[in-house]
Amino acid sequence: MTLSAPGSVQAPLIDGLEAVSRPVVEDLLYLEAELLDAWNLDGWLQLYTEDARYVIPATDTPEGDPDRDLVLVDDDRMRMTSRVERLNSRRAHREYPHSNTRHLVTNVRPGTPGAGVLPVTAGFAVFRFRNGRGTYYVGRYDYRLAVVDGRLLIRHKRVELDLTALRPAYDVAIIL
Amino acid sequence: VTLLDDQRTDAGFFPRMVDEDTERHRFRVHRSAMTSPPVYAAELEQVFGHSWLYVGHESEIPHPGDYVRRPVGGRPVFLVRGAKSGEVHVFHNTCTHRGALVCRTDRGNAKTFQCFYHAWTFDTDGRLVGVPDRDGYGDGLDFSSLGLVAPPRVENYRGFIFLSYDPDIADLPTYLAGAKEYLDLVIDGASGSVEIIRGTHEYGMEANWKLLVENSIDGYHAVPVHTTYFQYLAALGTDISAGVTGFGRDLGNGHAVVEGDAPWGRPIASWEPSFGEAASQVIEQIRADLVARHGEQQARRMANTSRNLLIYPNLIINDIMAVTVRTFMPTAADRTEITAWELAPRDELPLLRERRLDNFLTFLGPGGFATPDDIEAMESCQAGFTSGGVEWNDISRGMARLPQVNDEAQMRAFWRRWSEQVEPAPARSGGSR
Numbered sequence: 001m002t003l004s005a006p007g008s009v010q011a012p013l014i015d016g017l018e019a020v021s022r023p024v025v026e027d028l029l030y031l032e033a034e035l036l037d038a039w040n041l042d043g044w045l046q047l048y049t050e051d052a053r054y055v056i057p058a059t060d061t062p063e064g065d066p067d068r069d070l071v072l073v074d075d076d077r078m079r080m081t082s083r084v085e086r087l088n089s090r091r092a093h094r095e096y097p098h099s100n101t102r103h104l105v106t107n108v109r110p111g112t113p114g115a116g117v118l119p120v121t122a123g124f125a126v127f128r129f130r131n132g133r134g135t136y137y138v139g140r141y142d143y144r145l146a147v148v149d150g151r152l153l154i155r156h157k158r159v160e161l162d163l164t165a166l167r168p169a170y171d172v173a174i175i176l
Numbered sequence: 001v002t003l004l005d006d007q008r009t010d011a012g013f014f015p016r017m018v019d020e021d022t023e024r025h026r027f028r029v030h031r032s033a034m035t036s037p038p039v040y041a042a043e044l045e046q047v048f049g050h051s052w053l054y055v056g057h058e059s060e061i062p063h064p065g066d067y068v069r070r071p072v073g074g075r076p077v078f079l080v081r082g083a084k085s086g087e088v089h090v091f092h093n094t095c096t097h098r099g100a101l102v103c104r105t106d107r108g109n110a111k112t113f114q115c116f117y118h119a120w121t122f123d124t125d126g127r128l129v130g131v132p133d134r135d136g137y138g139d140g141l142d143f144s145s146l147g148l149v150a151p152p153r154v155e156n157y158r159g160f161i162f163l164s165y166d167p168d169i170a171d172l173p174t175y176l177a178g179a180k181e182y183l184d185l186v187i188d189g190a191s192g193s194v195e196i197i198r199g200t201h202e203y204g205m206e207a208n209w210k211l212l213v214e215n216s217i218d219g220y221h222a223v224p225v226h227t228t229y230f231q232y233l234a235a236l237g238t239d240i241s242a243g244v245t246g247f248g249r250d251l252g253n254g255h256a257v258v259e260g261d262a263p264w265g266r267p268i269a270s271w272e273p274s275f276g277e278a279a280s281q282v283i284e285q286i287r288a289d290l291v292a293r294h295g296e297q298q299a300r301r302m303a304n305t306s307r308n309l310l311i312y313p314n315l316i317i318n319d320i321m322a323v324t325v326r327t328f329m330p331t332a333a334d335r336t337e338i339t340a341w342e343l344a345p346r347d348e349l350p351l352l353r354e355r356r357l358d359n360f361l362t363f364l365g366p367g368g369f370a371t372p373d374d375i376e377a378m379e380s381c382q383a384g385f386t387s388g389g390v391e392w393n394d395i396s397r398g399m400a401r402l403p404q405v406n407d408e409a410q411m412r413a414f415w416r417r418w419s420e421q422v423e424p425a426p427a428r429s430g431g432s433r
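Protein chains in written order, with this note's numbering: chain A, 1 to 176; chain B, 1 to 433.
Be aware that a few hints might be false.
Stated by the list, open to error - Stretch by stretch, here's where chain A covers chain B in the computed footprint (C-beta under 8 Å, at least three residues):
id, segment
1, 285-298
2, 367-376
Stated by the list, open to error - A short, non-exhaustive set of chain A residues, derived as facing chain B with CB atoms under 7 Å:
id, residue
3, Ser8
4, Thr61
5, Tyr170
For the record, the hints were derived by calculation from the structure and aren't laboratory data. The beta-carbon is built from N, C-alpha and C at its ideal position, and this holds for glycine as well.
The task is simple: from the sequences and hints, build the whole structure.
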């Protein structure tokens, strides 16, 4: 599979959420990490359902509710698409040229499927290097996965940062 | 040239950093103002030691005993509502005994603050109420004088709490000068009662803090830097063809504003397609209320115009696609810590609150579609300064016309006041300050 070609990106095929084992979940999360690090953002979008949501709460309110509280990122599918278009353009100045990133995903723990979704938690570290400067983001991923047309996709991704303030990392122009 | 100027030149920066020549329509700022460590050191004392600085909003501590802690002007303080008195206090965050921080969590509710070092205990009105093994002290020691210490001046303007480390500074309303009217406009436009939404943007940049002052009130950069945001608006169906039009104003005492017609929707009370049909009626009602209360002209200003307000030296209230309250503080000449909150009408309908949060995030904040690019621009300037060869920044735009929203009159207002505080004027040389 070529990571740079969006058309070739395929989420894992599965029979149903009950049949999903940890290695299958890991395959999906590792694929997502690889796509982000390869800056194949169109491919990244293909791992998400049409009703997806991508949320990063503020560093002082990791429990924050994006419908009531100020968060850092609260994207629905439409805004995820705009974010990708923005980052793919040469006019997202903070990310042109792009950072080198490395998304490391670990401690992957699938929960019990219910209401059509499989909850998964994982630990992550994302390293970002640009212009000779390095920063990092560390925290916990909270996923809800769903099966659409026989493929395991991401319906919800919530990124709770362990950083007590975003200051050392400056901003979150990249996708975590 | 005064002795002070001579010393400064020796310390490595230009004696006059702000240079205005009205005849030649030229206003320029020497780049050492952004790069020099001695200038940064002078600012800590002469700017941040002698201005009114934003501490927080009283909605952050609604209940008796509620507190938040944060640095203000680079010094750790905390804001607390007295459990018994209900009064809002600001205290230096240091034990009167040997100095440890007495408030060690970012927010919460407390009956007392106990220093963990020797367990001296203070109540929420600052009184020293507990000293272990008090017998060890002589009768002559006055414990009542060892309560927590407030900064020399603390004032509350319609819920916005400020402090000053200068005991002799003018009262807050006088200091606010023309900015007061704009603060009123933001508050009254939000139905007269506002609150800070939970959740804080705490980010940073490797650039001088004054670049963020300029950037926050700069209409000129909006189109070239924020193309991706305007494209996003257009994709949502918002008509942005009119662009950002309006004017810039010097509000006195270093405060300034740019105000203009907003191409984006505003939850108070200008609907755009992305808000959805359900929000349309509610927004119409809010608008009708604003007209009833403030008249058509003022209501239109509240609902349909945006304003980026600078309250000197480091408070920005941008009432644009949502309202952000942003303060920032240098930790070095080339490093700034930024803290931003979202301000909204108190008890806003959930439907509108969601639209407001949404509107805020698309443009604002370190994960938005615009703020990261602003940070990139400011860091790029800071990096460019180190190249040398060019000594001055040019801030002359709009000197020969009625200042427009994309001119630089509002920045000149800031720089003139900054110059008064940081570099002694020739006429005043030798005078104490």
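Against the structure, the hints:
Interface restraint, the segment 285-298 of chain B with chain A: violated (0 residues with C-beta to C-beta distance below 8 Å; minimum three). Counting residues of the segment 367-376 of chain B whose CB lies closer than 8 Å to any CB of chain A gives 7, so the stated coverage by that chain holds, three being the minimum. For the restraint placing A:Ser8 at the interface with chain B, the shortest Cβ-Cβ distance is roughly 27 Å, beyond the 7 Å limit, so the hint is violated. Interface hint status for A:Thr61: upheld, as the beta-carbon distance to the closest one in chain B is roughly 5 Å, under 7 Å.
For the restraint placing A:Tyr170 at the interface with chain B, the shortest Cβ-Cβ distance is roughly 6 Å, inside the 7 Å limit, so the hint holds.
Comparing the model with each numbered hint stated earlier shows that hints 1, 3 do not hold.
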